Amino acid sequence: MKTTKSTDRRNFLLAAGLGGAGVAAAVVTGRKPASKPKEEAVAASKEAKYRESEHIRKYYETTKV
Amino acid sequence: MAAVAAVAMHRALPAEEAARADFYALLARLLGSAPDGALLQMIAHAGPLAGHSELALAWRTLVDASSAMDENAAGDEYQALFGGLGKSPVSIYAGHYSGAVAVGHPRIRVQRDLEALGLAHRSTTQPEDHIAALFDAMRVLAAGGAGRGPAKLEEQRRFFDAHVKPAAGKFFATLAGAKEANYYRRVAALGAAFLAIEVESFQLD
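In the order they appear, the protein sequences are chains Z and A.
Quick note on numbering: the first sequence equals residues 1342 to 1406 in this note's numbering.
Quick note on numbering: the second sequence equals residues 909 to 1113 in this note's numbering.
Some hints could be false.
The calculated SDA-like cross-link candidates involving lysine to any residue, where the alpha carbons are at most 25 Å apart (straight line), are [as the list claims (entries may be wrong)]: (1) A:K1087 to Z:K1346; (2) Z:K1346 to A:A1051; (3) A:K1073 to A:S1031.
From chain A, some residues computed to sit far from chain Z (all C-beta separations above 12 Å) [claimed, not checked]: (4) R928; (5) A988; (6) H1004; (7) H1013; (8) R1017; (9) R1066; (10) P1074; (11) K1078; (12) T1082; (13) A1086; (14) A1089; (15) N1090.
Beta-carbon label-pair distances, calculated as ranges [to be verified]: (16) Z:T1345 to A:P1074: 25 to 33 Å; (17) Z:K1346 to A:D984: 41 to 49 Å; (18) A:G983 to Z:T1348: 43 to 51 Å; (19) Z:T1345 to A:G1055: 31 to 39 Å; (20) Z:T1345 to A:P997: 39 to 47 Å; (21) Z:N1352 to A:A1070: 25 to 33 Å; (22) A:H953 to Z:A1356: 19 to 27 Å; (23) A:K995 to Z:D1349: 40 to 48 Å; (24) Z:S1347 to A:P956: 21 to 29 Å.
Hints in this document: simulated from the structure, not taken from any laboratory.
Note that the coordinates shown come from a computational prediction; the quantities given were computed from them, not determined experimentally.
The beta-carbon is built from N, C-alpha and C at its ideal position, and this holds for glycine as well.
Could you put together the complete structure from these sequences and hints?
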């Protein structure tokens, strides 16, 4: 039962566009998408842009909680 | 609920849960202060989300808007929307939307629930019920951080239902409708789309 529900949640989130690309991750943390080889190639070519910026690093250092 | 013990290891977070945390982080960042040039550039160069969901559409719109926006304009807009003492067009405090009363003010309740989850609100300039602070708390609950692992889904849902859900929808609707909003209308659309996903997904587990 629990497993089914978790699967539903996972499928729902993935269908909603979460998790596939890690786009926001690239923006917020400079992290490259973990799963998709194609996306990773794209990320690598833009590596300088996706590097964790000073700004974002500071943001995490001063993070509120 | 006991304080979270230091058993949290670096177990890989499922991609969709990590993505939730990232959206919370991004929204918290954009609502905490105006984006600077570097952040606008990063968003402008980010790729599209897969699919044709409301979220994917809102994301693409924000990406496009970010390439047309500069940091001075963003700063002015942020100030026009949220600035000023008590007279801003759009309140950025959850208490404004969820019905604040002197006793049991949302800030007090947020503080109490954060403590129960083993989190401490540390900002002296940003009250507990600042929307950015609430989103940042959700980021930590979803992905871990600040020396702890991800919270159980049930804990996440409880915090979300108590503090985020009663206010965030009205907040984004108010922001989207504010005449001062231009870039932040896109931020509001992204926030609303993401929030809708959160509301629905919490009902699935």
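Structure-based check of each hint:
1. Pair hint K1087 (chain A) plus K1346 (chain Z) does not hold up; C-alpha atoms about 42 Å apart against a cutoff of 25 Å.
2. Proposed proximity of K1346 (chain Z) and A1051 (chain A) is supported: the alpha carbons are some 20 Å apart, at most 25 Å.
3. Restraint check for K1073 (chain A) and S1031 (chain A): the C-alpha separation of about 22 Å stays at or below 25 Å, so the hint holds.
4. At roughly 6 Å from the closest C-beta of chain Z, the C-beta of R928 (chain A) falls inside 12 Å, breaking its exclusion from the interface.
5. With a cut of 12 Å on Cβ distances, A988 (chain A) stays outside the contact zone with chain Z, its closest approach being about 22 Å.
6. Even its closest Cβ contact with chain Z, about 19 Å, leaves H1004 (chain A) beyond 12 Å, as expected for a residue assigned away from the interface.
7. At roughly 18 Å from the closest C-beta of chain Z, the C-beta of H1013 (chain A) stays outside 12 Å, upholding its exclusion from the interface.
8. Interface exclusion of R1017 (chain A) from chain Z stands, the closest Cβ pair being 15 Å apart, more than 12 Å.
9. Residue placement check: R1066 (chain A) keeps its beta carbon more than 12 Å from all beta carbons of chain Z (closest about 16 Å).
10. No Cβ of chain Z approaches the Cβ of P1074 (chain A) within 12 Å, the least distance being about 19 Å, so the stated non-interface status holds.
11. Its beta-carbon lying about 22 Å from the closest one in chain Z, K1078 (chain A) satisfies the requirement of being farther than 12 Å from that chain.
12. With a minimum CB-CB distance of about 22 Å to chain Z, T1082 (chain A) clears the 12 Å threshold, and the non-interface call stands.
13. Listed as a non-interface residue, A1086 (chain A) keeps its Cβ farther than 12 Å from every Cβ of chain Z; the least gap is roughly 24 Å.
14. In this structure A1089 (chain A) is separated from chain Z by more than 12 Å, as the shortest Cβ-Cβ distance comes to about 21 Å.
15. Listed as a non-interface residue, N1090 (chain A) keeps its Cβ farther than 12 Å from every Cβ of chain Z; the least gap is roughly 20 Å.
16. Between T1345 (chain Z) and P1074 (chain A) the C-beta distance comes to about 29 Å, which sits within the given range of 25 to 33 Å.
17. K1346 (chain Z) and D984 (chain A) have their C-beta atoms about 46 Å apart, which keeps the hinted 41 to 49 Å range intact.
18. Separation of G983 (chain A) from T1348 (chain Z) is about 44 Å and conforms to the stated range, judged on CB atoms against 43 to 51 Å.
19. At roughly 33 Å, the beta-carbon separation of T1345 (chain Z) and G1055 (chain A) lies within the given 31 to 39 Å, and the hint holds.
20. At roughly 46 Å, the beta-carbon separation of T1345 (chain Z) and P997 (chain A) lies within the given 39 to 47 Å, and the hint holds.
21. Checked against the hint of 25 to 33 Å, the pair N1352 (chain Z) and A1070 (chain A) passes, with Cβ atoms roughly 27 Å apart.
22. Between H953 (chain A) and A1356 (chain Z) the beta carbons are some 26 Å apart, a value that agrees with the proposed interval 19 to 27 Å.
23. Between K995 (chain A) and D1349 (chain Z) the Cβ separation comes to about 45 Å, which falls inside the hinted range of 40 to 48 Å.
24. A hinted range of 21 to 29 Å holds for the C-beta pair S1347 (chain Z) and P956 (chain A), which are about 27 Å apart.
Hints 1 and 4 from the earlier list are contradicted by this structure; the remaining hints agree with it.
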